[in-house]
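This is what each chain is made of:
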Amino acid sequence: MTDRDVLAPETGSAAVVAEASSAVHVTATATGLIPAWRSRLVPPILVFFGFVGLWYGYARFVLDENGRKTALAYPHTVLTTFFGGGPEGEQPWQLLSALWLTFVVALVGLLIAIVLGTLFAVLMSQAQWVETSFYPYAVLLQTVPILALVPLIGLLFGFGMGARILVCVIISLFPIITNTLFGLKSADRAQHELFTLHRAGRLTRLIKLQFPAALPAIFTGFQISAGLSVIGAIVGGFFFGRGPRDLGNRILLYSNRLRPAEMIAAVILSALLGVVFFQFFGWAGNRLTRSWYKGER
Amino acid sequence: MEALSFERVGKIFPDGTEALRDVTFAVEPGEFVTVVGPSGCGKSTLLRIASGLDDQTSGSCQVDRSNIGYVFQDATLLPWRSVKRNVELFAELHRVDSAERARSVAAAIELVGLSGFEDHYPAQLSGGMRMRASLARSLVMQPPVFLFDEPFGALDEITRERLNEETLRLFAHEGFAGLFITHSISEAVFMSTRVHVMSARPGRIVASYDIPFDYPRNPDLRFEVAFAELSGEVSHALRGAHR
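Residue numbers (our numbering), protein chains in the order written: chain A, 91 to 387; chain B, 14 to 256.
It should be emphasised that the hints constitute simulated quantities derived from the structure, not laboratory data.
Since the model is a prediction, treat every value here as computed from it, not as a measurement.
All clues stand as given, with none of them false.
Cut-off 30 Å, straight-line C-alpha distance, at most; resulting in silico cross-link-like pairs (DSBU-like, lysine-lysine):
1) A/LYS298 with A/LYS275
2) B/LYS97 with A/LYS298
3) A/LYS275 with B/LYS97
Whole structure, please, built from the sequences with the hints as guidance.
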């Protein structure tokens, strides 16, 4: 799949294409918009209700029948947990403050990973020896089981916010490095030769050619890492089991106290946070590079 | 004094492929010279040597490389830049000051007939328009030597003929020394003051023709008897070279 496929806005954007005759064609007209949205929204909503139905069924006829009250959580009890009406009177601010902490950890970790990852990728693209020396360790960063690493990080750096941010950086660094490096190398030979013919220096080439050419790939990396960073924040809080009470920490707590409704609520919040992170970078990348492929109108 | 000259130029690639052998010819200011030959005969290598992108392995090539226009087979526009910003690129790389740059960019866009499309992105343009933008990008620097590497090979015939005529108009207007590469005989004869026929690999000049028609050349020239006869001779030489 090419970058063009990845980045093309799926529906609803009117693309203006000029032909040699300067005739203008407008595609994806307004009339096509509403049915397109409907066909994209209805199926997932149906799946959602199907899932909720199965959940009720399982809770009522399997868990409830067998008297496994401790594991019992109906969708509506999870929902009321968000508003402070959980079976054990959990306050809504507890989940929200946990969400806030996880958000901060994931965001700061991601931003550090973006700065470090982009910097490393640029250095690797400029000097082969940097790539040869450091790339194996970037791979190692990705392949080492993060679950095994987390307790070690806690031991070495404590269980505070800093250590959690470190987990996020470790987990989200690799996709940024590889995608950015791939992007920086993606300008084709003829484009490079234009710059060679006009005796452009290394920095000019980087800024005016390699970096803009890399933008789609760079944002793909950011997007992948954004999702991972949230996972890193959850995993850090969960395995530390102490320190600031973020979502991961809460999930562990509810799990230990056999409070499934709150636990599920926390899991849903962390998943939603991941979606928001992921979508934001998809949207930002799309905005930046849209005109290359479709035009700005 | 030639603007560009090849003296017994030869090129053998590291893998042992011999691309060019003993190529000798010159292009004077105000001349439009075309090298016509079968694909893979080393024509493009000749331009790469002239521009300094490649080195010859024997012989010598004389040209002032400080300002050469080079139009590639593809338009090679940067997709993240609008037409105007693409046309501006070389002037930008040579640090031409912005007032002067804006003036010459506007003039070049006007000259290739892209006025009104300054803010369009390459993806919004047809193949012919992209080529025009590519031409304008080189025109901005007003190079005394212009290299064309089969620039219109990928276009349909109608667009191609129109761009042939417009390139000649630019040639008359700018007075550069042109070196054009093509595998189309009629394109070669229509455009040039002189046509060199190149053999299949290793590329050698096997025949040369002066094209006597006056500029500006009328599109209908393509259907005149004298044009057909010259094309026939070039075609004959090409077939001989191909054996």
